[in-house]
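Just so you know, the protein sequences line up as chains A and B, in that order.
The opening position of the first sequence corresponds to residue -9 in the numbering used here, with each subsequent residue numbered one higher.
The opening position of the second sequence corresponds to residue -9 in the numbering used here, with each subsequent residue numbered one higher.
Just so you know, the hints here were simulated from the structure itself, not pulled from any lab data.
Some hints could be false.
Label-pair restraints from in silico Cβ distances [what the hints assert, rightly or not]:
id : chain 1 : residue 1 : chain 2 : residue 2 : range
1  : A       : R144      : B       : A(-7)     : 50 to 56 Å
2  : A       : T139      : B       : P269      : 32 to 38 Å
3  : A       : A50       : B       : E47       : 33 to 39 Å
4  : A       : K21       : B       : G59       : 20 to 26 Å
5  : A       : A58       : B       : Q169      : 50 to 56 Å
6  : B       : K220      : A       : A50       : 55 to 61 Å
Derived DSS-like pairs (lysine-lysine); straight-line CA-CA distance at most 30 Å [unchecked claim]:
id : chain 1 : residue 1 : chain 2 : residue 2
7  : A       : K253      : A       : K173
8  : B       : K114      : A       : K114
9  : B       : K220      : A       : K101
10 : A       : K114      : A       : K21
11 : A       : K101      : B       : K226
Note that this is a predicted model, so its numbers are computed, not measured.
We put the CB at the ideal spot given by N, CA and C, even for glycine.
Spelled out from the first residue to the last, the chains are:
2 protein chains.
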Amino acid sequence: MNAVNGIWAPALTPLHADLAPDHAGCAAHVKRLLGAGCHGVVLFGTTGEASSFSVDERRAVLEAVLAAGAAPERIMVGTGCCALSDTITLSRHALTLGCRKLLVLPPFYYKGVSDRGVFACYEKLIDALDGGVRIFLYHFPRLSAVPITMPLIRFLAENYGEVIAGIKDSSGEREHTLQLIEKFPHLSVFPGTEMLLPDTLRAGGAGCITATANVNAEAIRRTYDLFLNKDPDAEKSQAAINAVRTVLNRVPTISALKWIMAKRENNDHWLHIRPPLEPLGIPDAEKIMRGLRLGEL
Amino acid sequence: MNAVNGIWAPALTPLHADLAPDHAGCAAHVKRLLGAGCHGVVLFGTTGEASSFSVDERRAVLEAVLAAGAAPERIMVGTGCCALSDTITLSRHALTLGCRKLLVLPPFYYKGVSDRGVFACYEKLIDALDGGVRIFLYHFPRLSAVPITMPLIRFLAENYGEVIAGIKDSSGEREHTLQLIEKFPHLSVFPGTEMLLPDTLRAGGAGCITATANVNAEAIRRTYDLFLNKDPDAEKSQAAINAVRTVLNRVPTISALKWIMAKRENNDHWLHIRPPLEPLGIPDAEKIMRGLRLGEL
């Protein structure tokens, strides 16, 4: 059994009209996700528009979520920035508040950097933190353009032992996720989509960290439990969550998830999103309405 | 004549052994570049490792450079971050200190964003600043992966007039730079390499903002002046600066420039660089030594 597993939701970040984070809204959304069956919530992943907020804005949201009663052990905090100094600041802040699980992107401005250079980033981060930290490496080559390669993971794991706790694999590639699980059985490997849940669980992976959990947590959790219990209904349940994901893969996902939340809660504040992302356009909203029955989500 | 023109150096950022910016070193380097003939200096461009520093670190360096006597009108400040809130903070700070020229990258984490989304970033920035600001759009598709397209430039220029003052074109593509100069004659167009200086000046462009100016400012400035004076020696002078650039294009440029400064000043502190970038390796140092006579730089 992996140390950390299950269905984790990278929470959307609700905003006010001036695009400042809505602290009460963030806390309520996290509470809802945990209540809907998510094993945990990631604050400030890609879905949470992490890079679009300042260090101070990110700290304040985490404080608000914890102050509202979320258990620190069920929160994983995204802390990876381009500036090592920012990553260290955010990581120390999370640890001080009892959040030991950190999802850490590598710096993503410079491209074509070496594994040695990326290793040095994690090395300096870990050296600046206390030993209780548990780092989840964030592999998202399509957006960061700085991959976390297999040799880099091996080198980090060899050097830092249990501090390197897992990997979020947002490559979307089945074979890549399966290779990670095979090569690093002691790490918690989370693909970034529930469509890889059956393969992941069969191979011994941890579960998934999936944006769709923001709007479909109950069904994804139920499917996870069915697979774990080897229930014959698991495949049917998986087909239903795949159908939802397939529709959401065809539209700008973060904007679409915020639009669904606005519909569901009848609250247009959910449409606010920081540029360069944009509120969902009407043609994409129509694609969703043709593909999904929102009332069933 | 463009409002802003000439040879601008995107300054390297000297660091202490703990990788904190060396304020005295930064101020001395800027002073040296201005004394060596640069019309101006860009603080916190790509060459200055801008994205590798926190907002507070960037503010402190600018303050130190100005406190040491650099004229604010000869400093252009890189302020574009992924978080609009950070970009606004840095931009207001620069304006407060009398630096009106800002080099602004678009947010660069999310890829495949629309021109509308990028426009919204500049719109919200400009609306948050006083009207005296002069914005230079930073087009560096290889690193930011978010291009500043021609329609976007046109739309910004139409909406904000003289606030949109210029473009740094780090595409490295001659045709792209020439098109910008042709389409936007009222903007100061700076290619990111001195190798495009003759084409740029003939077409009516502004000059260049080039990393190589950190170590070869005198010769680049002399070449610029020769072209402006239609001096027959201009082409020969250009060939010499092209030869230097060609060597530096074959190695990791920022690391190489820091290595050259370390040699020239006999000060290994110049080798410090923030990860994920790395100090120059020996094979690359040998490439430079084979290609350049450092004493002549």
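Results of checking the hints against the structure:
1. A:R144 to B:A(-7): 50 to 56 Å: holds (54 Å)
2. A:T139 to B:P269: 32 to 38 Å: 21 Å Cβ-Cβ, so the 32 to 38 Å window is violated.
3. A:A50 to B:E47: 33 to 39 Å: violated (21 Å)
4. A:K21 to B:G59: 20 to 26 Å: violated (55 Å)
5. A:A58 to B:Q169: 50 to 56 Å: holds (53 Å)
6. B:K220 to A:A50: 55 to 61 Å: holds (59 Å)
7. A:K253 to A:K173: It is violated: about 43 Å lies between the C-alpha atoms, which goes past 30 Å.
8. B:K114 to A:K114: violated (35 Å)
9. B:K220 to A:K101: Judged against 30 Å, a Cα distance of about 39 Å means the pair is violated.
10. A:K114 to A:K21: Cα-Cα ~34 Å, so violated.
11. A:K101 to B:K226: violated (34 Å)
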